[in-house]
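Undergrad: Protein chains in written order, with UniProt numbering: chain Y, 1 to 643; chain F, 1 to 311; chain D, 1 to 208; chain E, 1 to 210.
Hint data in this document are derived by calculation from the structure and do not stem from the laboratory. Since the model is a prediction, treat every value here as computed from it, not as a measurement. Careful, some of the hints might be misleading.
[To be verified] No farther apart than 25 Å at their CA atoms in a straight line, the calculated lysine-lysine pairs in the DSS-like style are these:
(1) K155(E) - K35(E)
(2) K58(E) - K35(E)
(3) K241(F) - K35(E)
(4) K35(E) - K233(F)
(5) K377(Y) - K138(D)
(6) K138(D) - K189(Y)
(7) K115(Y) - K43(Y)
(8) K196(F) - K227(F)
(9) K227(F) - K426(Y)
(10) K286(F) - K103(E)
(11) K298(Y) - K423(Y)
(12) K286(F) - K396(Y)
(13) K144(Y) - K156(Y)
(14) K396(Y) - K132(D)
(15) K275(F) - K155(E)
(16) K275(F) - K173(E)
(17) K189(Y) - K220(Y)
(18) K377(Y) - K227(F)
(19) K286(F) - K26(E)
(20) K138(D) - K192(Y)
(21) K173(E) - K196(F)
(22) K241(F) - K482(Y)
(23) K196(F) - K155(E)
(24) K396(Y) - K187(D)
(25) K312(Y) - K423(Y)
(26) K426(Y) - K377(Y)
(27) K241(F) - K155(E)
(28) K631(Y) - K616(Y)
(29) K423(Y) - K233(F)
(30) K187(D) - K147(D)
(31) K423(Y) - K227(F)
(32) K197(E) - K15(E)
(33) K233(F) - K426(Y)
(34) K200(E) - K58(E)
(35) K196(F) - K241(F)
(36) K200(E) - K286(F)
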Amino acid sequence: MMSGGPAVRVSIESSSERQVQEVSLDGMETYVPPLSMSQNLAKLAQRIDFGQSSDSDEERTDRDTRDEWSTREAEEDDGTVKFQPSLWPWDSVRNNLRSALTEMCVLHDVLSVVKEKKYMALDPVSQDPNAAKTPQVFQLISKKRSLATAAQLLLKGAEKLTKSLAENQEQRRQRDFNSELLRLRSQWKLRKVGDKILGDLSYRSAGSLFPHQGTFEVIKNTDIDLDKKVPDDYCPLTVQIPSDLEGSAYIKVSIQKQSPDIGDLGTLNLFRRPPKAKPGSQMWHLRLEAAQNVLLCKEIFAQLSREAVQIKSQIPHIVVKNQIISHPFPGLQLSISLCHSAGEKKSQRASPDRIKPDDHLYVLEHNLHQLIREFHKQTLSSVTMPHPASAPFGHKRLRLAGPMGYDKAEISSWQHTEGLLEKIIKQAKHIFLRSRTARTIDSLASRIEDPQIQAHWSNINDLYESSVKVLITSQGYEQICKSIQLQLNIGVEQIRVVHRDGRVITLSHQEQELQDFLLSQMSQHQVHAVQQLAKVMGWHVLSFSNHVGLGPIESVGNASAITVASPNGEHAISVRNGPESGCKVLVQFPRSQAKELPKSDVVQDGKWSHLRGSYKEVHWGRMEGRNFVYKMELLMAALTPCS
Amino acid sequence: MADVMNVGVNLEAFSQAINAIQALRSSVTRVFDSLKDGMKNKETLEGREKVFMTDFQDNLQSVNRDLNELERLSTLVGRPSESHPLHNSGLLSLDPVQDKTPLYSQLLQAYKWSNKLQYHAGLASSLLNQQSLKRSANQMGTSAKRRPKVQPSTLVLPTQYVDDVISRIGRMFPDMSIELFRPNGTSAVLLVTLGKVLKAIVVMRSLFIDRTIVRGFHENLYMEDGKLDIWSKSNYQVFQKVTDHATTALLHYQLPQMPDVVVRSFMTWLRSYIKLFQTPCQRCGKYLQDGLPPTWRDFRTLEAFHDTCRQ
Amino acid sequence: MEAPPVSVMPVTGGAINMMEYLLQGSVLDQSLESLLHRLRGLCDDMEPESFADHELVYLLRGQQGNPFILRARRSLLQPTSPWHLRYLGQPEVGDKSRHALVRNCVDVAASHSLPDFLNEMGFRMDHEFAAKGHVFRKGQMKIVVSKLSRVLVPGNLENTEPLSLSYLVELSVLAPAGQDTVSEDMKSFAEQLKPLVHLEKIDPKRLM
Amino acid sequence: MGVTCVCQVPVAEGKSVQQTVDMLHKKLEQLGGVKQGNFWVDCETYHATANATGQQSKQLYVMHNSEAPLSCMALYEGGPHLTADANFDVLMVKLKSHFQNAKSHKVESRGARYRYCDFLVKVGTIAMSSSAKGISVEVEYCACVIPADCLNLIKEFMQSFLGSNAPEMPSNKTEGQLYTPVDCVDPMSQYLELFGKVRKQQVMTGSGVR
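Make the full structure from the sequences, and use the hints.
TA: Written out as structure tokens, the structure is:
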């Protein structure tokens, strides 16, 4: 390898025995100077952990030497124990004694050495930070300890919190009267009269004119034994509600077909379950709300019965006990009853022997509540502030009436205000009329397949008006047979029907009228369909009549008829359709095709054979086709010659 | 050329295949023959059965053999060429006896006619599907496949679209102002003020007109609480009559597929009332009949008539 | 159709001989809020309503005697509401025991052609001002707290200048002549407003 | 309130005022009109007693109409007008030192009110100091507020029961008034004009008699 090459100089340097202290930027290494003998000793001495000893009373040097010894001894002991199982029971005692002797000897030696001061002097030594490194185990332990204390603190805090929470709950359980009163005050009107606290649950401030006082009294609940455990629902505050407002009440509105025996009246007593208490609301609050509701129901009922007595109608309204009976339509009765259950004894009569299907009209009940509130609002809003401010108080409309020159009709329309009863009767009438109209249409639609009847109810309804579009069509021919389309505006007393041809028909509340009308329209539809079909097929309409004066008399409406002739005029189809008698289809053949026609002596000319001949009835039931119009189309197609 | 060559090569296979078919047929016939004849007269019952069984087995095996043979040959024959426009029938042109039987020319003629028929039928069906002869919106002509494309549902249209349609219609008629309200959720209520003659309230459901009420120009439109009164009828008989006619118009203008056209035609029709009090009846020439001006407007010509004069 | 009942007043007439009972006072701008607060608590359960009016004072000079004064007032907040034309008579003299100023009063609601018409009648506008403030109600008592401003350019209500640093407070009741009990109510109400404002019986003649 | 036309109907030849009125009633009933109560219109005249400027003052008319029962209309002939509530009458009493009521000039028209579809027809007897001086017929077409729109219609209607006595229209309106919605003062100014006419006739016949 080295052949031919210059010799490489290898410099050899002794490995540094000293520690490098630092390497400066120019590469110079400074070394830690070697320790002197005593320094070295001191350093070594520092390595000894003096803190490890447990007996603090001993002198330091003693202790550490002894310690070293003892550990060594222990090690030795361990070894002997391992290899030589104890020979006799005093072995350990002997060993201990021996080690104690050794220790004592060592102690003696050390003391003598120290005393001589020839070889050794005791000096305090400086703690070298490097050497005094606490072992990791120790760090861990200390950390653990501090963590434990921190955890303890936290735990203590948490405990305190839970305790205070519990205390709080405890406090809430035994709320004091005053805070309870404060809550009550924030929701109800209260005032102090003498030494009593009275509250107001009437709707007077909302505009009610009901004479009932509607006062309740706030009482401090003291009859509780404070030593005993307080029940959960204990409340230091109770309210005393007038006895006639106790319990729960509601207004029942129902429409019945036939009137029950007059003896039954006024005993209506149906109860609903009291509403479940909402969590977090107080007992007194529930009671007050219930009482207020009773009061409102009473007001509604009082108002209604007052009006029932005042208003004259053909069949007088009957007011018996807690029931008002009115007759919106003949044979129909609207009963409005106040159902009031007085608190505790609700279970007694809760289940009447015969439980009728619930015909309660919730909509009307709701509307009654709404109406009375509107009524309240009216009394409030009738007094508005004048503008300009100098003008006197008064109703705004009246102020406008003079300068705007309102006419008599307008002014009298303000003065005419309907009462609660009138309104609710009107609403009941409308609801009844509407539901019955729907039923009539639906039953017709399900009963009669051909033609089809469709109802499209309007998506917006009024309390007194709603409308429905009724379409009569034939399946598969919706595009050409749409002459019968009706809009039914259902009002309070009557139904106004607007026909697609511009006619307006007013039907009364009688169910039969609507049904008959729709039936007659359906019958007319068929004939109209033939007319439209003839147009499409190229046939000519010879005659058309919605109301035929001939033939059997229909019990409902009139029969309608149409005659159409084929494009070349050879054939004619005559259709007569009655709502009751059904349809009858006749076909007329040309004279030339009639076989049974006798040859006449008079009419011999060939041209007469082009005259139309006799009619023959078509066995309509045996015609093929899924509905009337389809059959008719087939018939027309069959009679149209191919050219 | 190649085709012809191919055919020529395969002719051998064809003839073999035909032979195989004949063999198969005869063997099958034999099976049924033997089955038909039943068991031959033999001494013992067992012997009879045995002979019959062996015969039947032999016959079936020959059928099987022939069938296999045919299958083998059929692979040789291969698929006939697809290149001819008339497919297999095109081979007829190769028939040497063409001069005697004009089969091929007749076939071509038939094809031509059939094509023409299809074309004309297509034309006719598209013509027939136009409005005048259409019987139903649902099924006629248009195949079921195309139906969903017609229009999703015109019942749910975005309110923005409704607003656009209405404002476009509003711009069409300068003497008619249309205001749009939405007092009850999404369904719009239009307040149409026509000149100084009348005000109409049109209640819509999407773009379909649900109902309409016509009142006098100076009549009160709002209820006491300031809401638009969309229910109470006019105090005047003229406008009650016009309300009825407008309802009729709603029934008349119906085109479920194109609701915006319906609204537009209704508005056009409504606009003809601008001269409600100024136009005499087109039939009797008078202004008044039974105390009412001509309230009817023809749906097509928009001419004014008294209600009783219109037919 | 049934003829609507003609249940309205006789054609000629109107309210006869109405009297205005009036107490007046003023409050500095700083203490307005506390006054309003007090009033809100004392008065009927209604949201206090603010107003802004424009008042024109018209004079008709005859050959003899005092000129005839009419006040025409319109609302700036509700421009469609009718004008209010008001005649105020001379305060009734005598009867020192009454707690309020009493004077004859005629309130007429009129159409918007009022200024033109008054001009045609011979009335001439003397001065005009704007009044802005709040109005309260307690039973039949009306409490008006208003700031009066001078109209700098005639007819231009955009450009006004407050007359003073205080608000005018007026407590008034309209009642037919002879119902002096109302003045008792007014007095007790005025007591409740003390010391925020002292409502007094002020004779305008003394100020002239 | 709709477009109104007020006119005077001459007393039929050889008939009394009442007879002519009855005849009109009969015609209206034949037409299908339904009587709906009564009506009255009155007019009081005020003179300004003293005018500061000294110029000739116009007369102020204060009118009432049973059709607008809460209103009171004050008009100057050809000048501005005011609609106010009934308290205006009280105000006029307060103003009596400046405006004097000419009691003798009080004119009124009273009579029956008929309804026929959307028409309101009022046939009244014009009375001055409680003696009948003529017949007024007021036709109101309630459904329309623009005079120009329904002039022909009203004319046709009036001809149907007045025959040749139907007036030429429009009576007193300018072009602008024809196309603006009418207000409650319009019939009043027509009545005022009519009363003026009757008063003049009265003066003329009166002077003729004397």
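Undergrad: Evaluate each hint against the coordinates.
TA: Verification of the supplied hints:
1. Distance hint between K155(E) and K35(E) is fulfilled; the C-alpha atoms sit about 21 Å from each other, no more than 25 Å.
2. For the proposed pair K58(E) and K35(E), the alpha carbon gap of about 38 Å is over 25 Å, so the pair is violated.
3. At roughly 23 Å between alpha-carbon atoms, K241(F) and K35(E) fall within 25 Å of each other, so this suggested pair holds.
4. Under the criterion of a C-alpha separation no larger than 25 Å, the hint pairing K35(E) with K233(F) is consistent with the structure, at around 24 Å.
5. In summary, the hint linking K377(Y) to K138(D) is supported, as the alpha carbons are separated by about 18 Å, within the 25 Å threshold.
6. For a cut-off of 25 Å, the pair hint linking K138(D) to K189(Y) stands: about 19 Å separates their Cα positions.
7. Under the criterion of a C-alpha separation no larger than 25 Å, the hint pairing K115(Y) with K43(Y) is consistent with the structure, at around 23 Å.
8. Taking the CA atoms of K196(F) and K227(F), the gap is near 22 Å; set against the 25 Å cutoff, the hint holds.
9. Our distance criterion of 25 Å between C-alpha atoms is met by K227(F) and K426(Y), whose separation comes to about 22 Å.
10. Of the supplied pair hints, the one linking K286(F) and K103(E) is violated, its CA atoms being roughly 46 Å apart against a limit of 25 Å.
11. The suggested pairing of K298(Y) with K423(Y) holds, with an alpha-carbon distance near 18 Å, which does not exceed 25 Å.
12. Straight-line distance between C-alpha atoms of K286(F) and K396(Y) comes to about 44 Å, which puts the hinted pair past the 25 Å bound.
13. A hinted pair counts as satisfied when its Cα atoms are at most 25 Å apart, and K144(Y) with K156(Y) qualifies at roughly 18 Å.
14. Between K396(Y) and K132(D) the alpha-carbon distance is near 20 Å, which keeps this suggested pair within the 25 Å criterion.
15. The hinted pair formed by K275(F) and K155(E) meets the criterion: a straight-line CA distance of about 16 Å does not exceed 25 Å.
16. This hinted pair checks out: K275(F) and K173(E) have alpha carbons roughly 21 Å apart, not beyond 25 Å.
17. For the proposed pair K189(Y) and K220(Y), the alpha carbon gap of about 17 Å is at most 25 Å, so the pair holds.
18. Proposed proximity of K377(Y) and K227(F) is supported: the alpha carbons are some 16 Å apart, at most 25 Å.
19. Note on K286(F) and K26(E): the hinted pairing holds, with a Cα-Cα distance of about 23 Å set against a maximum of 25 Å.
20. Between K138(D) and K192(Y) the alpha-carbon distance is near 22 Å, which keeps this suggested pair within the 25 Å criterion.
21. The straight-line distance between the Cα atoms of K173(E) and K196(F) is roughly 18 Å, inside the 25 Å bound, and the hint therefore holds.
22. A hinted pair counts as satisfied when its Cα atoms are at most 25 Å apart, and K241(F) with K482(Y) qualifies at roughly 23 Å.
23. Distance hint between K196(F) and K155(E) is fulfilled; the C-alpha atoms sit about 20 Å from each other, no more than 25 Å.
24. Restraint check: the Cα-Cα separation between K396(Y) and K187(D) comes to about 29 Å, which exceeds 25 Å; the hinted pair is violated.
25. The suggested pairing of K312(Y) with K423(Y) holds, with an alpha-carbon distance near 14 Å, which does not exceed 25 Å.
26. For the given pair, K426(Y) sits about 21 Å from K377(Y) by alpha-carbon distance, which is consistent with the 25 Å threshold.
27. Between the alpha carbons of K241(F) and K155(E) the distance comes to roughly 22 Å, so the proposed pair stays at or under 25 Å and holds.
28. A threshold of 25 Å between alpha carbons decides the hint, and for K631(Y) with K616(Y) the separation of about 16 Å falls inside it, so the pair holds.
29. For the hint linking K423(Y) to K233(F), the alpha-carbon distance of about 18 Å falls within 25 Å, and the restraint holds.
30. Only pairs whose Cα atoms come within 25 Å are accepted, and K187(D) paired with K147(D) is accepted, the gap being roughly 23 Å.
31. Simply put, K423(Y) and K227(F) have alpha-carbon atoms about 20 Å apart, close enough for the 25 Å limit, and the pair holds.
32. About 21 Å separates the Cα atoms of K197(E) and K15(E), which keeps this hinted pair within 25 Å; it holds.
33. Between K233(F) and K426(Y) the CA atoms are separated by roughly 17 Å; this keeps the pair inside 25 Å, and the hint holds.
34. Taken as a hint, the K200(E) and K58(E) pair is honoured in the structure, with Cα atoms around 17 Å apart against an allowance of 25 Å.
35. A threshold of 25 Å between alpha carbons decides the hint, and for K196(F) with K241(F) the separation of about 18 Å falls inside it, so the pair holds.
36. Only pairs whose Cα atoms come within 25 Å are accepted, and K200(E) paired with K286(F) is rejected, the gap being roughly 37 Å.
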